[in-house]
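> Residue strings, one per chain:
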Amino acid sequence: MTESILNTPQAGSAAGIYENPVDEAIAILKERYPGAVADDPRDNYSGLVVNAGSIVEVAQALRDDLGFNYLSSVTGVDLIEDNKLEVVYHAYSIEKGGSAVVLHVQVDRDDPVVPSLVPIFPGANFQEREAWDMMGIRFDGHPDLRRILTWDEFHGHPLRKDWHEPFYEADHKPFGSRWPGGSVRRAEEHNPFGKNVQYPPGWVPTGEEYEVETNMYEGVTVSREATPGLKTDKVIVNMGPQHPSTHGVFRMVVTLDGETIVGLKPVMGYLHRNHEKIGERNTFIQNIPYTDRLDYISSMSNNHGYVLAVEKLMGAEVTERAEWIRILMVELTRIVNHLWALGFLLNDLGAMQTPMLYFYIERELILDFFEAAAGSRMMCNYMRFGGVAYDLPDDVRGQPTMQFLHDLIYDRIPKALEQGDGLMTGNEILRNRSIGVGYLSPEDAIAYSTAGPVLRASGIPYDVRRAEPYSYYEHLDFDVAVRYNGDIYDRFRIRMDEMRQSLRIIEQVLPHLKATEGQPVVGSKPQYALRMPANGEAYGRVENPKGELGYYVTAKRRSSNPERYHVRAPSFINLTALEKMTVGHKVADSVAILGSIDIVLGEVDR
Amino acid sequence: MTTSPTDPGTPTPEVPEELRNNVAITPLAKLLDPIYNWSRRNSLWPLGFGLACCAIEMICAASSRYDFARFGMEVFRATPRQADVMIISGTVTKKMVPTIVRLYNQMAEPRYVISMGACASGGGPFKEGYSVVDGIDKFLPVDVYIPGCPPTPQALLNGMIAMQEKIDNQSIASAPWYRKGDPTAEVVPVPVLGPDLVDVRQLDVIKEEAAKVEAEVETAVNA
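Heads up: the protein sequence lines correspond to chains A and B, in order.
First residue of the first sequence: 1, per our numbering; consecutive thereafter.
First residue of the second sequence: 1, per our numbering; consecutive thereafter.
These are computed hints drawn from the structure, not numbers from a lab.
Quick caveat, the model's predicted, so the values are computed rather than measured.
Take the hints with a grain of salt, since some may be wrong.
Cut-off 27 Å, straight-line C-alpha distance, at most; resulting in silico cross-link-like pairs (DSSO-like, lysine-lysine) [what the hints assert, rightly or not]: (1) A:K173 x B:K212; (2) A:K161 x B:K127; (3) A:K195 x B:K212.
Chain B is nowhere near these chain A residues, computed Cβ spacing over 10 Å in every case [what the hints assert, rightly or not]: (4) E57; (5) F154; (6) S177; (7) K195; (8) G248; (9) K277; (10) E320; (11) L357; (12) R397; (13) Q399; (14) T401; (15) V522; (16) N535.
Ranges between beta-carbon positions, derived for each pair [to be verified]: (17) A:I236 x B:L203: 29 to 39 Å; (18) B:A220 x A:S183: 52 to 62 Å; (19) B:A220 x A:A170: 22 to 32 Å; (20) A:D411 x B:L31: 55 to 65 Å; (21) A:P414 x B:T79: 54 to 64 Å; (22) A:R178 x B:S174: 38 to 48 Å; (23) B:V200 x A:R397: 49 to 59 Å; (24) A:P400 x B:F71: 28 to 38 Å.
Yeah, the Cβ is synthetic: ideal placement off N, Cα and C, and Gly gets one too.
Make a model of the complete structure from these sequences and hints.
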């Protein structure tokens with residue numbers, strides 16, 4: 001093991017009269033801001049309700065005095081019954097680990113203005129833009145409050161409960177029209193335009209809508225000033241949305257001085273598929289296959305975060321065998337994802353296809369196992385509340401499953417990693433292109449709320465599996481991979497480290513799988529006609545291959561649909577730091593830096 | 001002199017006795033079609049862009065295990081100018097569809113479109129969403145639909161082979177891109193983004209609907 005791999009501090013190590021640092025922080029905040037903060041009065045809601053006017057002060061105290069320096073998630077909630085909009089913040093302590101201090105800010109629905117937290121936590125930037133786009137909450141003092149997932153002229157704020165889309169049928173599934181009558185007319189037939197569009201009443205096209213991106217360039221500086229001695233302009237280059245290096249439909253508006261990047265604006269939303277709006281209409285179990293399609297390379301771990309959140313809400317117990325199967329699947333998914341990510345990163349660095357094709361061999365073996373277990377290679381839809389959908393298969397590719405896994409874990413994958421190391425890690429071209437490029441300091445990594453390998457490659461040993469253990473991770477022996485240089489090379493190597501740690505975890509899981517053979521893989525609680533026993537909110541987070549994936553779910557008592565369903569997507573939030581990493585480098589490096597973040601657009605845009 | 005079997009009016013030259021085994025006389029179109037189709041079907045170069053989940057399976061289909069280079073489809077081109085077939089590999093969103101239509105228009109003819117997966121074919125699981133186009137065939141002429149969510153690499157291969165079979169049956173005489181005024185050969189107007197996606201071919205309908213709403217408001221006011 002290299003010397004750079006350390007253990008993180010264990011959760012709950014804070015001293016003091018309080019059992020955990022969250023209670024302590026909440027008590028201090030209540031004492032210090034008596035009029036401005038109060039306990040959340042709602043049942044099963046944690047954290048504090050903060051006055052909109054005091055949120056900046058409270059956030060600053062939280063960061064500087066109480067050590068909760070990592071603002072993980074910011075999201076809006078529509079409380080239409082109280083005529084209010086709510087902003088929910090989840091802040092963690094990197095040093096102490098443990099759960100989040102949750103802050104709720106409630107504002108009037110007709111004039112929703114909340115002070116922006118971007119000056120304190122730059123990582124809130126895109127998330128506040130998303131809350132503006134989706135909910136219409138204005139963030140006072142935000143440097144660049146534009147729509148982010150839809151486009152500038154878009155009509156309305158779609159995640160508000162009273163906003164209906166063109167193919168709207170009913171608030172909740174299952175739709176009454178589908179069963180038992182079954183006389184459904186297709187949505188296109190209701191729509192006067194025959195497709196999925198609607199316009200504000202009386203709207204007439206003027207021709208001005210052809211200039212759709214006027215606002216896009218407002219934040220981008222274009223200087224006509226000549227540099228001394230040479231007459232030059234800065235040039236804006238649009239990379240994407242159709243570009244081979246953007247890993248999907250992502251766009252970077254790059255401002256160049258010669259070949260050097262002086263500004264970069266990521267533009268996203270080209271794969272915005274209304275995950276959250278559809279999720280709030282679905283029943284709880286209907287959302288599981290949708291989570292597959294978030295980060296479509298690591299669908300198993302997406303399932304995991306969601307079922308954890310809903311299990312918290314419904315109070316379901318997970319059977320022992322199911323927990324071991326889950327860990328097996330999630331760690332295999334991490335290997336699948338990192339093999340793919342490294343293959344693409346090397347592709348972006350000019351090693352055309354070869355590393356990808358080498359890594360692809362082992363990836364296919366794992367996908368075959370997934371197909372045998374879940375029925376599908378990529379979209380596994382495998383986890384259920386309280387367990388998993390099916391037990392492990394008897395055989396995979398003609399081999400008994402346990403033997404197949406044994407070969408995979410002890411033979412195939414270690415050899416592939418060895419080979420990858422031999423071919424790439426010492427490679428001169430790779431080292432020249434990646435060492436010192438795309439540097440992100442540890443302070444910035446925390447401030448920009450980056451997560452996963454990006455955070456840990458900057459020297460911050462923060463891993464949800466250790467910081468706030470879920471499933472059986474606290475019983476497993478593994479190290480949190482960490483590297484200290486914060487450049488592309490370290491983000492490459494940390495993924496190699498993480499795959500080795502995943503193998504180590506799976507080695508410990510295999511005996512448990514043997515020991516629990518034949519035991520039930522799912523709990524006895526009903527899955528399909530699930531009704532929540534009580535009101536409440538839950539935040540389920542897992543260490544996804546890309547970083548911390550969180551699901552914020554609220555529900556009403558007796559309801560079978562989530563009231564609010566939000567995904568804290570690591571790829572999306574990691575992009576906040578992209579500009580910081582790229583400015584000053586050459587334009588060709590921006591491609592490699594983007595590759596080293598490892599984004600998946602399904603998750604960025606949701 | 002004998003006459004051609006397809007066109008009795010045209011005289012065909014007599015083939016000398018000693019060359020009968022080596023020479024056959026066929027009408028030009030009949031001779032060209034197989035050559036055209038053969039070269040086209042075996043060099044279907046896809047446009048290298050992926051939209052969503054299906055793109056991952058598309059890459060798998062191109063990689064070593066499934067390897068659709070065996071069928072002449074190996075070269076993913078990053079520019080539409082060099083591509084023959086556009087694989088719509090994933091959910092088409094309203095924000096993305098103007099770009100896709102523009103890319104299609106930039107492809108040189110003959111050009112084909114394969115709609116890969118449920119989303120591209122009809123919106124798929126995301127059809128009810130507000131920012132999803134319910135099927136790329138609302139804008140582009142689609143040649144082959146591949147079902148699945150996502151289709152496996154084998155399904156994509158099957159779709160590509162179906163595409164080849166379709167090409168086999170084409171004739172220069174009837175191919176749309178050689179005929180004036182054929183709707184599938186024309187440039188598709190690029191949709192624009194207003195308050196919602198605006199298909200410029202539907203401007204009249206949109207204005208009509210707006211007028212209807214105005215009339216309703218007027219009657220309500222008068223009443």
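> With reference to the structure, classify each hint as holding or not holding.
How the hints compare with the structure:
Proximity of K173 of chain A to K212 of chain B is assessed by CA-CA distance (about 32 Å); at most 27 Å being required, the pair is judged violated. A hinted pair counts as satisfied when its Cα atoms are at most 27 Å apart, and K161 of chain A with K127 of chain B qualifies at roughly 19 Å. Using a Cα cut-off of 27 Å, the hinted pair K195 of chain A and K212 of chain B holds, with the two alpha carbons roughly 19 Å apart. Look at E57 of chain A: its CB is around 37 Å from the nearest CB on chain B, clear of 10 Å, so calling it non-interface holds up.
For F154 of chain A, the non-interface assignment is contradicted: its Cβ lies about 7 Å from the closest Cβ of chain B, within the 10 Å cut-off. At the 10 Å boundary, the C-beta of S177 of chain A stays outside the reach of chain B, the nearest C-beta of that chain being 13 Å off. Non-interface status of K195 of chain A relative to chain B is broken: a Cβ of that chain comes within 10 Å, the nearest being about 5 Å off. Its closest Cβ contact with chain B, about 6 Å, brings G248 of chain A to no more than 10 Å, contrary to its assignment away from the interface.
Non-interface status of K277 of chain A relative to chain B is broken: a Cβ of that chain comes within 10 Å, the nearest being about 6 Å off. The Cβ of E320 of chain A lies farther than 10 Å from every Cβ of chain B, with a closest approach of about 32 Å, so its non-interface assignment holds. Annotated as non-interface, L357 of chain A brings its C-beta within 10 Å of a C-beta of chain B; the closest such distance is 5 Å. Consistency note on R397 of chain A: stated as away from chain B, and its beta-carbon is indeed over 10 Å from all of that chain's, at 12 Å minimum.
Even its closest Cβ contact with chain B, about 18 Å, leaves Q399 of chain A beyond 10 Å, as expected for a residue assigned away from the interface. T401 of chain A, annotated as away from the interface, keeps every beta carbon of chain B farther than 10 Å; the closest lies near 21 Å. The beta carbon of V522 of chain A sits about 24 Å from the closest Cβ of chain B, which is more than 10 Å, so the claim that it is off the interface holds. For N535 of chain A, the requirement that its beta carbon stay farther than 10 Å from each beta carbon of chain B is met, with the minimum near 27 Å.
For I236 of chain A and L203 of chain B, the Cβ-Cβ distance of about 31 Å falls inside the hinted range of 29 to 39 Å, so the restraint holds. The beta-carbon spacing between A220 of chain B and S183 of chain A, approximately 32 Å, falls outside the hinted interval of 52 to 62 Å. A beta carbon spacing of about 27 Å between A220 of chain B and A170 of chain A agrees with the range 22 to 32 Å that was offered as a hint. Taken as a hint, the range 55 to 65 Å holds for the pair D411 of chain A and L31 of chain B, whose Cβ atoms sit roughly 57 Å apart.
A hinted range of 54 to 64 Å for the beta carbons of P414 of chain A and T79 of chain B is inconsistent with their spacing of about 40 Å. Between R178 of chain A and S174 of chain B the beta carbon distance is about 43 Å. The supplied range of 38 to 48 Å therefore holds. Look at V200 of chain B against R397 of chain A: about 52 Å separates their beta carbons, and that is inside 49 to 59 Å. Between P400 of chain A and F71 of chain B the Cβ separation comes to about 35 Å, which falls inside the hinted range of 28 to 38 Å.
Violated hints, in rising order: 1, 5, 7, 8, 9, 11, 18 and 21; the structure is consistent with all others.
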